[in-house]
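Undergrad: Chain by chain, the residues run as shown.
Number of protein chains: 2
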Amino acid sequence: MSGRLFVIGTGPGNPEQMTPEALAAVETATDFFGYGPYLDRLTLRADQTRHASDNREELDRAGAALTLAAKGADVCVVSGGDPGVFAMAAAVCEAIDKGSAEWRGVDLTVLPGITAMLAVAARVGAPLGHDFCVLSLSDNLKPWSVIENRLALAAQAGFVIALYNPISKARPWQLGTAFELLRRHLPAATPVIFGRAAGRPDERITVQPLEKADAAIADMATCVIIGSPETRVIAREGRPDLIYTPRFMAGETR
Amino acid sequence: MSGRLFVIGTGPGNPEQMTPEALAAVETATDFFGYGPYLDRLTLRADQTRHASDNREELDRAGAALTLAAKGADVCVVSGGDPGVFAMAAAVCEAIDKGSAEWRGVDLTVLPGITAMLAVAARVGAPLGHDFCVLSLSDNLKPWSVIENRLALAAQAGFVIALYNPISKARPWQLGTAFELLRRHLPAATPVIFGRAAGRPDERITVQPLEKADAAIADMATCVIIGSPETRVIAREGRPDLIYTPRFMAGETR
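First to last, the protein sequences are chains D and A. Going by the numbering used here, the first residue of the first sequence is number -2, and it counts up by one from there. Going by the numbering used here, the first residue of the second sequence is number -2, and it counts up by one from there.
No lab work stands behind these hints, which were simulated from the structure alone. Be careful, since some hints might not be right.
No copy labels: a pair is met if it fits in one copy or bridges any two.
[Said to hold, decoys possible] Below, computed lysine to any residue pairings styled on SDA-like, alpha-carbon distance capped at 25 Å:
| hint | residue 1 | residue 2 |
| --- | --- | --- |
| 1 | Lys95 | Gln205 |
| 2 | Lys209 | Glu177 |
| 3 | Lys95 | Leu56 |
| 4 | Lys95 | Ala247 |
| 5 | Lys68 | Pro237 |
| 6 | Lys95 | Arg120 |
| 7 | Lys209 | Thr250 |
| 8 | Lys95 | Asp238 |
| 9 | Lys68 | Ile231 |
| 10 | Lys95 | Asp136 |
| 11 | Lys95 | Ile214 |
| 12 | Lys166 | Met246 |
| 13 | Lys95 | Arg1 |
| 14 | Lys209 | Ser133 |
| 15 | Lys95 | Ala194 |
| 16 | Lys95 | Arg236 |
| 17 | Lys95 | Pro184 |
| 18 | Lys95 | Ala49 |
| 19 | Lys68 | Ala43 |
| 20 | Lys166 | Asp37 |
| 21 | Lys95 | Glu234 |
Note that the structure is predicted; figures quoted are calculated from it, not measured.
Could you build the full structure based on these sequences and the hints that come with them?
TA: Printed below as a string of structure tokens:
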């Protein structure tokens, strides 16, 4: 009989942002698969086994977890943030789609988590308060031309844009190029929010206008949110600016 | 001295999906503002005061909460889902932007929550596993022409599309019109997920191909997720289909 496979998200790293149902799955499971720093966020018992792997081995990791669950173990695949947003839930589905027939019989439960953009947005106000889109800026898995096309259409549509995987050692120029492209579509003063480790002790939130936005501020763990032309900045004495995108838009409504 | 204003999200309604930090804010606050059914999700003490209001009075509600916080009370504004996604955080920011100068001095903390699309996505696999966009289909606050333009550009861009506020008694035709528009851009078999009350006892998840997608399935509390041309459906014997959007796209990558 198949065991269970939980795919959970820890949220951005603050334990107070992890849901009780994800914590309950951690209690239940015997084996944990994930990128080492995400597994480090869990407090495991001596009878629970840690299977840490590198950040870029998602499909192999998903296959190993499915194999163990198919044998009857209760297994947990651990993502940062939400497992469904540029994370392990898609890799597990892909493994099931392409892999061993018995993997389809595994009792799979995906449990949602707080994804980075929600935690970053909360720290500055409500930049995602109206229509928005969410892109991975990594061209490891899709052509750069697709990314450029999506950025241009998103700006034309007036979406706020949340970028995941904005930069890495192997992808140093993509975020700067994305800013250049967006400068052709969006006002110079459009706020750009760089949110790193939101809600953690090492949190770093930086806001710059698009015209001066400096890609070097971002690292692998940064979520970048670029406002729309509607996004507003509220100055507050002695407090950080508040940034929000209004719920309404001028024009004829009902 | 100003009190504190917490803007929290309960998640989609399953108490196991509410974060510990949101629960801690509920412990702290004395006064609670929100739409009645969202306040019903909280267990309040006898010394805590409930200020329920109708669903469409967001700005008045935000002003009342800010006024009380400015007088020194610890106040909690309660959204369903995540407060930053088509919810109260933007209304509170808007009130601060336009309202009394003393509201800028209020100690404001927005706490993220599990927004509906993440909970719905988790129930079916990983439809938001690649680039996506998020739109409110309500033309109460923006022109319908803007919505149609955004839907068309989103489909052109290849985004998965998550729709909030898809339908209401006062807005009966918008979702059907959106499906018609999207049928001109997307394959007939594109999966459409209707997710209502995800994670709650009355949960109802329905999946239909776009060509047959029936807007009448949705109600006010439904989040609708429309796949991209890349989104895949995995049949599983004795289990519901899994739906996911792969992390990769064909084409030249690095």
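Undergrad: If a hint holds in the structure, say so; if it doesn't, say that too.
TA: Now for the hints, and whether the structure bears them out:
For the homomeric pair Lys95 and Gln205, the shortest alpha-carbon distance between copies (23 Å) is at most 25 Å, but the shortest distance inside one copy (43 Å) is not. Taking the shortest Cα distances, Lys209 and Glu177 sit within 25 Å of each other inside one copy (10 Å), while across copies they are farther apart (41 Å). For a Cα distance limit of 25 Å, the shortest separation of Lys95 from Leu56 inside one copy, 10 Å, qualifies, whereas the shortest one across copies, 50 Å, does not. Taking the shortest alpha-carbon separations for Lys95 and Ala247, only the inter-copy value of 16 Å comes in at or below 25 Å, while the best intra-copy value is 48 Å.
In this assembly of identical chains, the alpha carbons of Lys68 and Pro237 lie at most 25 Å apart only when taken from different copies (21 Å versus 53 Å within one copy). In this assembly of identical chains, Lys95 and Arg120 lie within 25 Å of each other by CA distance solely across copies; the values are 20 Å between and 40 Å within a copy. Neither within a single protomer nor between protomers do Lys209 and Thr250 lie at most 25 Å apart by alpha-carbon distance, with minima of 35 Å and 29 Å respectively. Taking CA atoms no more than 25 Å apart as the test, Lys95 paired with Asp238 passes between copies only; the shortest distance there is 15 Å, against 48 Å inside one copy.
Taking the shortest Cα distances, Lys68 and Ile231 sit within 25 Å of each other only across copies (21 Å), while inside one copy they are farther apart (56 Å). Within a single copy, Lys95 and Asp136 get their C-alpha atoms as close as 22 Å, which meets the 25 Å cut-off; across copies the closest is 42 Å, which misses it. Within a single copy, Lys95 and Ile214 get their C-alpha atoms no closer than 38 Å, and across copies no closer than 32 Å, so neither meets the 25 Å cut-off. Only between protomers do Lys166 and Met246 lie at most 25 Å apart by alpha-carbon distance; the minimum there is 22 Å, versus 40 Å within a single protomer.
In this homomeric assembly, Lys95 and Arg1 come within 25 Å of each other (Cα to Cα) only inside a single copy, at 19 Å, whereas the closest approach across copies is 51 Å. When the C-alpha separation of Lys209 and Ser133 is checked against a cutoff of 25 Å, the pair qualifies only within one copy, where the shortest distance is 22 Å, while the shortest distance between copies is 31 Å. Taking CA atoms no more than 25 Å apart as the test, Lys95 paired with Ala194 passes in neither setting, with 34 Å inside one copy and 31 Å between copies. Taking identical chains as interchangeable, the C-alpha atoms of Lys95 and Arg236 lie at most 25 Å apart only when they sit on different chains, with a minimum of 17 Å there against 52 Å within one chain.
For the identical chains of this complex, Lys95 and Pro184 are inter-copy neighbours only, at 22 Å across copies versus 45 Å inside a copy, given an alpha-carbon limit of 25 Å. Taking the shortest Cα distances, Lys95 and Ala49 sit within 25 Å of each other inside one copy (23 Å), while across copies they are farther apart (50 Å). In this assembly of identical chains, Lys68 and Ala43 lie within 25 Å of each other by CA distance solely inside one copy; the values are 21 Å within and 51 Å between copies. In this assembly of identical chains, Lys166 and Asp37 lie within 25 Å of each other by CA distance solely inside one copy; the values are 23 Å within and 48 Å between copies.
Taking the closest pair of Cα atoms, Lys95 and Glu234 come within 25 Å of each other only across two copies (16 Å); inside a single copy the shortest separation is 56 Å, beyond that limit.
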